[in-house]
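Novice: Quick note: the first sequence uses full-length UniProt numbering, first residue 1, plus one each step.
Simulated from the structure, these hints should not be mistaken for laboratory data. Some hints could be false.
Derived DSS-like pairs: lysine-lysine, alpha-carbon spacing no greater than 25 Å straight-line [unchecked claim]:
{"#": "1", "residue 1": "K124", "residue 2": "K139"}
{"#": "2", "residue 1": "K32", "residue 2": "K56"}
{"#": "3", "residue 1": "K434", "residue 2": "K423"}
{"#": "4", "residue 1": "K481", "residue 2": "K465"}
{"#": "5", "residue 1": "K108", "residue 2": "K139"}
{"#": "6", "residue 1": "K423", "residue 2": "K481"}
{"#": "7", "residue 1": "K286", "residue 2": "K479"}
{"#": "8", "residue 1": "K465", "residue 2": "K479"}
{"#": "9", "residue 1": "K39", "residue 2": "K124"}
Distance ranges between label pairs, derived from CB positions [unchecked claim]:
{"#": "10", "residue 1": "L75", "residue 2": "V120", "range": "16 to 26 Å"}
{"#": "11", "residue 1": "E152", "residue 2": "D93", "range": "18 to 28 Å"}
{"#": "12", "residue 1": "S43", "residue 2": "T550", "range": "51 to 61 Å"}
{"#": "13", "residue 1": "K32", "residue 2": "R221", "range": "24 to 34 Å"}
{"#": "14", "residue 1": "K32", "residue 2": "C145", "range": "16 to 26 Å"}
{"#": "15", "residue 1": "E33", "residue 2": "M294", "range": "56 to 66 Å"}
{"#": "16", "residue 1": "D82", "residue 2": "D222", "range": "39 to 49 Å"}
Glycine residues also receive a C-beta, built at the ideal position from the N, C-alpha and C atoms.
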Amino acid sequence: MIKLPILHQHLVFLPQQDCPQSLELSLRLGEKECVSLLKSCESMKEVKQVHAQMLKLGLSWNPYCLSNLITTCALSNWGNMDYAFLVFGQIDDPGSFEFNTMIRGHVKDGDFETALQLFVEMLKREILPDNFTYPFVLKACAALCLLDLGLEIHGQLFKLGFHDDLYVQNSLINMYGKCGNISSSCTVFEEMEPKSVASWSALIAAHANLGMWCECLEIFRDMMSEGDWRAEESILVSLLTACTHLGALDLGSSIHAYLMRNLSGLNVILETSLVDMYMKCGSIEKALALFNRMSLKNRHSYTVIISGLAIHGHGHEALRHFSEMLEQGIEPDDAVYVSVLSACRHAGLVQEGLELFSKMQLEHQIQPTIQHYGCIIDLLGRAAMFNEALDLIQRMPMAPNDVVWRSLLSAARDHHNLEVGEKAARNLMQLDSKNAGDYLMISNMYARAQRWTDSAIARTMIPQKALDQVAGACIVEVKRKVYSFVSQDKSHSNWEDIYEMIHQMEWQLKFEGYIPDVSEVLHGVDAEEKRQNLRHHSQKLALAVALIHTSQDATIRIHYTTACPSLAFGQYNTKAKRVKWTSSGEKFAAHNFKQSEAGIQKHHPI
DNA sequence: ATAGGGTTAG
């Protein structure tokens, strides 16, 4: 702890010639002492005191001291980039170290544009970047998804010969991954030698970023078989995220066990990932137990637990956790409010939802995003409060997006409100929906109103608009392996066994008197074709595989996901719809099959 | 002389 008198209330930068050489010589504090003082600073106040001393002692023009001053201001957690910038301006001949530090500081603060501007300024002054410059700059590119700039920089660093640098290579993997160019990530990874744990981590994270969950697990398998790598925390976090999205509870649990064996304690991120994994994989008890034992909970942890409870329909429990979070003094952010509002949405808590929506704006000064509006509009729609919903759409500051109209359309269909449904449908079409599911939903709406012609017209729009019927995929985990299926899938090696199993399942269901309900979904399609389609529907395939591989009373969890290729950067948004099945004896009951058939029209993202 | 890469929620 440094205790120095404050000598300057406001900083005055003396011109160089005003600092008499003799003064510097006469005082003890040399540059070494100055730098070590700077390094032991613990607040900006202390830094300013040291800076004041520097001014007094004539060290304020010493490049070494100034460099260290910038580093302290820019990189400390309590630092101040404005101050760093001020000092940076005082250096008349900044080199790559000073620029690197400034770029790094801005990246750390999340000010990526300024970081890149500084990089450009550096080049303009013909200061050559070094191998330290590129990791920071590439990180800024990654954060801003600037693929073109990233490519240009890759070319530049190649010319300068820094492509051999391990850190630069790892940064490149990350940059390409964040920009959605996964094949380049893989190329960099394959061509580099040697690799480090961070290389694997970056590659796995890059795949995780794009929702390529199965690939994450495969790469991890390669990593473990290829050499003596230690699975690090960050890799395990990515793997847990993959498990969460794949619903791979068994694999997730074994990662948990691995963690308990190999680490002395878990950090918040790992614990939060675990809680999320258990929640989304349907193991609420474990998730809650783990959450309750966490010694440190942050905003993320609460978001995870609240949205998990929301998914399982425990609206009141979710709200209770939200109150607890506020009592703990954790400021909610917009993400927490998304999860809280969606808890109200899932549980049909209209009044609570509306109150929280206004509390968010008035008490916490959070401007609602389209997602928050989407939650509320969905909430109102599900409660058949269509006037209120339409009124809110009118009043919201941004244009309603497809998600908003889609949820309204869905609600109108369920409540048999053709007027609102048609309005939503019109608006959805105006947004030039590329989603085949939307047309199916419109078709279903008309089918329910027995307007068969309109229903058929809506269906014909799909081939007319040449829309891909994005096949939903089903994912099932058996014996720690993850299988995924699309409708009519025959890509699996043992597909004959699978289809034989389906045959048996159908036979048994028929025996129990089950007749598939195809009235609404597929009106106007040839009846035999319908049954063919349904028969090999992806969920059924997944169920068959699970039945083949599991014993009688095992719980089978099948996850329904949708790829949304329309999202930016080629990202896949996997939104899992979870259906829980039990395979105890004859109990893979008929209503489950109905659910699976309805699944074909359920693949619009929420 | 001082330094760098990978990780969580919707």
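Novice: Please flag the earlier hints that this structure goes against, numbers listed from lowest up.
Specialist: The structure breaks hints 4, 6, 8, 9, 13, 14 and 15; every other hint is satisfied.
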